[in-house]
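2 protein chains.
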Amino acid sequence: MADIPARTELPDTSDISEMKVTTGPLPASRKLYLSGRQHPDIRVPVREIQLEKTSLEPPVRVYDPTGPYTDDSVDIDITRGLATVRAAWIEARGDVERYDGRAVKPEDNSVKPTRKSGTLPFPNVVQRPLRAKSGSKVTQMHYARRGIVTPEMEYVAIRENLGREKAMEASQGGEGFGAQLPGLVTPEFVRDEVARGRAIIPVNINHPEVEPMAIGRNFLVKINANIGNSAVASDVASEVDKMVWAIRWGADTVMDLSTGENIHDTREWILRNSPVPIGTVPIYQALEKVGGVAEDLTWEIFRDTLIEQAEQGVDYFTIHAGVRLAYVPMTAKRVTGIVSRGGSIMAKWCLSHHKESFLYERFAEICEICAAYDVSFSLGDGLRPGSIADANDESQFAELKTLGELTKVAWDQDCQVMIEGPGHVPMNKIKENMDLQLEECHEAPFYTLGPLTTDIAPGYDHITSAIGAAQIGWYGTAMLCYVTPKEHLGLPDRDDVKVGVITYKIAAHAADLAKGHPGAKLRDDALSRARFDFRWRDQFNLSLDPETAMQYHDQTLPAEGAKVAHFCSMCGPKFCSMKITQDVRDYAARLNTDEMTANEQGMAEMSEKFKEEGGEIYLPATEPAE
Amino acid sequence: MADIPARTELPDTSDISEMKVTTGPLPASRKLYLSGRQHPDIRVPVREIQLEKTSLEPPVRVYDPTGPYTDDSVDIDITRGLATVRAAWIEARGDVERYDGRAVKPEDNSVKPTRKSGTLPFPNVVQRPLRAKSGSKVTQMHYARRGIVTPEMEYVAIRENLGREKAMEASQGGEGFGAQLPGLVTPEFVRDEVARGRAIIPVNINHPEVEPMAIGRNFLVKINANIGNSAVASDVASEVDKMVWAIRWGADTVMDLSTGENIHDTREWILRNSPVPIGTVPIYQALEKVGGVAEDLTWEIFRDTLIEQAEQGVDYFTIHAGVRLAYVPMTAKRVTGIVSRGGSIMAKWCLSHHKESFLYERFAEICEICAAYDVSFSLGDGLRPGSIADANDESQFAELKTLGELTKVAWDQDCQVMIEGPGHVPMNKIKENMDLQLEECHEAPFYTLGPLTTDIAPGYDHITSAIGAAQIGWYGTAMLCYVTPKEHLGLPDRDDVKVGVITYKIAAHAADLAKGHPGAKLRDDALSRARFDFRWRDQFNLSLDPETAMQYHDQTLPAEGAKVAHFCSMCGPKFCSMKITQDVRDYAARLNTDEMTANEQGMAEMSEKFKEEGGEIYLPATEPAE
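These protein sequences, in sequence, are chains A and B. To convert, note that position 148 of the first sequence is 148 in the UniProt record's numbering; the numbers rise steadily by one, no gaps. To convert, note that position 187 of the second sequence is 187 in the UniProt record's numbering; the numbers rise steadily by one, no gaps.
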């Protein structure tokens with residue numbers, strides 16, 4: 001989506017021992033695993049946040065995309081890669097075969113004679129990849145349409161169900177704009193959503209390390225983080241580190257947007273160590289193979305790249321097949337023309353050869369490849385607007401219509417599809433994007449970049465875009481591609497990745513709340529009760545970024561004592577709203593509300609009564625409000 | 001609004017010479033002044049951002065609340081205060097008189113015997129303040145209702161009109177939800193909006209330093225920044241510095257929420273040096289005067305505090321007169337009870353005495369005081385929700401209805417009124433707040449804190465709230481009270497103030513764009529053209545925070561050359577979307593669009609033609625798109 005790869009953080013080195021990733025549980029958290037009913041062997045990770053004993057509240061369970069890295073009982077070895085949790089499920093279906101995969105070519109990593117230092121190949125590459133047996137399809141959609149509930153589907157159901165039972169008690173209200181959020185997510189519900197194309201489970205059969213997750217309008221809103229090296233260079237170590245760092249803070253999928261050297265090896269390191277689906281933009285690597293000259297791209301080179309990446313285990317491909325020759329001139333009058341890198345590559349190819357895009361013409365063949373490995377489509381919006389001025393214009397919507405047409409082609413071959421969306425859009429034009437996408441693309445999941453709601457704040461585009469992302473997520477977008485503070489300016493570093501992820505977790509969660517997602521509100525309520533009770537540590541631990549929350553608090557009141565103090569630095573100990581509220585609560589508890597409206601008689605006496613009760617005495621609230 | 005005062009930055013000192021504020025123009029900017037037609041003597045500040053010569057574009061004019069601090073021709077002396085731009089206008093109306101003002105009492109600054117060091121009184125206090133002559137009212141609403149267009153009104157009209165003429169060319173579209181944005185803002189339009197109470201111009205006759213601005217649904221969305229010292233203490237120097245710092249980045253008004261010692265002196269320093277309206281919450285100081293014991297508050301102490309602050313020149317008072325005795329028990333079942341400091345003070349008073357709020361019962365008398373100095377009301381939402389769980393509940397809306405009732409009372413005395421709003425509200429419940437406020441409060445301007453759209457991200461509440469602020473601003477809120485990253489955790493420092501202001505400028509501008517404000521889009525378009533042309537310096541200079549934008553860019557490409565390079569660090573020099581778009585543009589310019597759809601005949605030839613034209617040659621775009 002956002003064409004921003006990452007900058008190297010670690011020193012350029014060939015010493016694998018220097019590869020580091022952040023591991024260990026988040027504060028006050030432990031990972032536990034839930035098993036399935038239909039598939040008892042699946043182990044669905046859940047993060048449980050422990051609260052202070054004084055709260056008398058149970059731990060809060062939250063969705064956990066962090067993978068084994070936050071599980072102390074797992075020995076992490078980057079050079080070995082993660083355990084292959086899905087291997088047995090894939091084998092058990094009996095519809096795949098191992099074969100001699102495509103041999104790695106020098107140009108897979110670089111067109112240059114000499115390899116860049118510090119990028120050793122992954123030591124344990126699977127020699128013989130999997131593919132569908134001749135005549136069979138291995139996509140989740142294929143199984144779903146045949147009524148099969150796969151382990152992946154039950155896994156997703158359990159994952160999405162967090163807190164649902166508890167939430168059933170309280171009606172959530174919410175405005176879903178047509179979304180149909182179930183009270184409880186059953187494996188059958190997941191199957192049905194995947195079968196009708198309203199949700200996807202991006203799981204390449206050659207990425208058995210992935211912990212299945214769903215992207216769909218009737219599930220929790222997901223977020224994607226972009227990483228990847230660039231021409232400016234970045235080493236493998238920092239990319240793997242950045243991937244682990246991104247999921248630690250909540251990224252649900254990661255896109256490897258590498259555009260420089262060592263693309264093949266970098267991707268291998270990332271895939272083998274990633275518990276989340278990995279997406280790519282294959283045209284980027286194809287372009288590198290022809291020395292960056294778009295006109296020299298051919299279907300053969302692109303096709304070979306798709307197979308190369310499918311064999312490695314990429315879970316979804318961004319394919320800009322909607323950039324048709326006839327649409328290109330529509331962008332000429334734009335303020336910022338074509339800003340999608342993939343879109344502009346294809347536009348240039350189309351103009352140079354004055355031919356229709358080979359991605360469009362060969363799309364059925366591309367589907368065949370994807371169906372053989374279960375690579376999901378992320379149909380790219382190559383003509384997305386790059387400025388407020390260009391939002392919702394002719395070329396953008398012409399492409400969207402074509403993406404809907406291609407969705408049908410992919411579905412005919414049981415391929416899973418999501419649709420990429422803008423970009424830069426003022427608030428008043430956001431909903432039209434969602435409504436048109438639902439209509440033109442037959443409810444295939446929408447996957448948007450932002451959108452940015454103004455162009456005047458470079459350096460803060462994680463915020464200009466979070467405003468738009470929260471809204472389009474509320475309207476029905478299934479996954480939000482993060483934007484970092486460096487958007488438009490430079491390459492995000494590790495800190496930018498974290499800020500981008502946290503910001504987008506906020507947007508996605510705000511959307512879940514507004515949609516009335518049954519379980520979404522539980523975490524807000526738990527944190528709000530902790531806030532009211534002055535359980536500072538619980539506030540930190542329940543927050544999206546406990547470290548930052550505690551650090552900000554300690555800047556004013558560093559003392560350990562302050563973390564149990566029944567006041568905060570805003571009002572100080574002398575006066576406190578929360579404290580007074582407790583007085584109100586104690587008072588009202590004993591008060592017959594009818595008497596409130598009574599006449600002046602007895603008021604003095606009531607007043608006395610209140611004073612006797614000792615308005616100043618603080619009794620912490622204990623019972624949850626729901 | 002947000003009850004967060006500021007933390008001291010400068011060393012605690014009594015040496016006035018150590019008082020520092022940030023002065024000087026913003027990058028590539030110069031301040032110019034526009035004069036009036038009806039009132040030729042008014043000088044309305046405008047900030048003009050110069051673009052690079054290669055752009056062949058005129059400078060971009062933007063709204064400028066920064067005051068004389070960004071005017072190099074003005075000699076700033078904090079101990080003397082700013083020039084009294086409004087003095088002559090006020091005198092000319094002949095309806096005010098000077099009188100021996102209230103004498104400063106020790107308790108105005110502290111109940112403690114010893115004064116805190118480092119807080120000298122302002123050296124040049126006006127000894128005899130102004131008030132309305134007996135029988136006359138001096139509010140802008142009073143003049144407006146009598147058909148008088150004051151200099152303040154024409155000042156506002158010129159200020160709001162930036163770029164309007166140019167914008168008239170292009171239709172902006174937009175969804176205003178009933179807002180009636182004029183093509184051009186005339187002084188008469190301003191008068192009419194003020195007369196009907198749909199906009200306010202907060203300008204105390206004792207604050208002649210203020211540069212008039214309007215708060216209303218049919219004007220640009222404004223933002224407020226909170227400063228003020230606290231029990232934890234902060235010195236005068238840092239508060240003045242923080243005020244200047246806040247307006248430098250775009251704050252339209254500033255609230256002094258001081259709650260500790262030296263409240264009177266701190267406010268004097270701030271008022272005499274502030275070109276923007278200053279708001280306060282008088283009950284905070286009144287509470288200090290009774291040693292922090294809410295029950296000991298009396299009407300007499302409060303009334304005396306109102307006069308004290310009115311004489312100093314406070315432009316608007318937050319008065320929590322809507323917290324009625326009968327509403328207090330409604331909050332008992334809340335998750336976070338009463339979170340407004342002013343609201344909880346009054347709740348405690350009501351319960352202790354079991355009497356109706358004296359603010360409510362004495363409201364007409366309060367109006368008399370405000371009418372005599374033209375202090376605008378910001379009717380406080382003392383029962384605003386402090387969590388997602390408590391949003392839009394019975395007590396909140398009961399208070400809102402009462403605020404509407406009080407609005408009528410104030411209007412009967414020609415007092416200007418705005419209404420404060422929440423708080424913590426999920427997206428699906430935001431619009432109901434706006435719709436009810438318009439209905440219950442007769443279109444008086446709405447002034448909201450956020451709202452925060454989720455509770456789970458302490459440390460990032462500037463973002464959780466900007467999401468809600470942008471939306472409620474779009475729906476019709478006139479002013480947005482900023483939230484800093486320290487909300488709920490601690491006291492914002494200088495950096496937090498800047499981040500809060502920039503974040504809220506983004507929310508306000510996104511709202512203006514969505515409402516279809518005629519001039520709002522000009523800056524976005526100018527920056528987008530600069531982005532397309534790779535005019536890096538113009539991108540930085542047109543952004544809300546040029547320093548941060550350039551710093552982020554330079555982290556990747558520090559070289560001066562990179563600032564004129566026709567590529568960026570995201571793709572590098574080899575391949576660039578923008579570059580290709582230019583090829584597309586050159587091509588399409590020569591291409592007969594009909595031919596695009598022509599059959600294969602002549603395509604090879606066209607292809608040749610394109611190559612001859614040399615697709616690689618980059619010709620920078622020059623003409624603006626509109």
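Some hints here could point you the wrong way.
[To be verified] Capping the alpha-carbon separation at 20 Å, the derived lysine to aspartate or glutamate pairs in EDC-like fashion look like this:
1. B:Lys408 / B:Glu368
2. B:Lys431 / A:Glu107
3. A:Lys333 / B:Asp586
[What the hints assert, rightly or not] Listed next, with one range per pair, are the computed distances between beta-carbon atoms:
4. B:Pro59 / A:Val293: 38 to 44 Å
5. B:Gln551 / A:Lys333: 33 to 39 Å
6. A:Gly173 / B:Thr298: 39 to 45 Å
7. A:Glu547 / B:Lys408: 46 to 52 Å
8. A:Glu547 / B:Val21: 53 to 59 Å
These aren't lab readings, by the way, just hints derived from the structure by calculation. If you're wondering where the values come from, they're calculated on a predicted model, not measured in any experiment. Note that the Cβ used here is the ideal one computed from N, Cα and C, for glycine as well.
TODO: Report the numbers of all earlier hints that the structure fails to satisfy, in ascending order.
DONE: Result: hints 2, 8 break, sorted rising.
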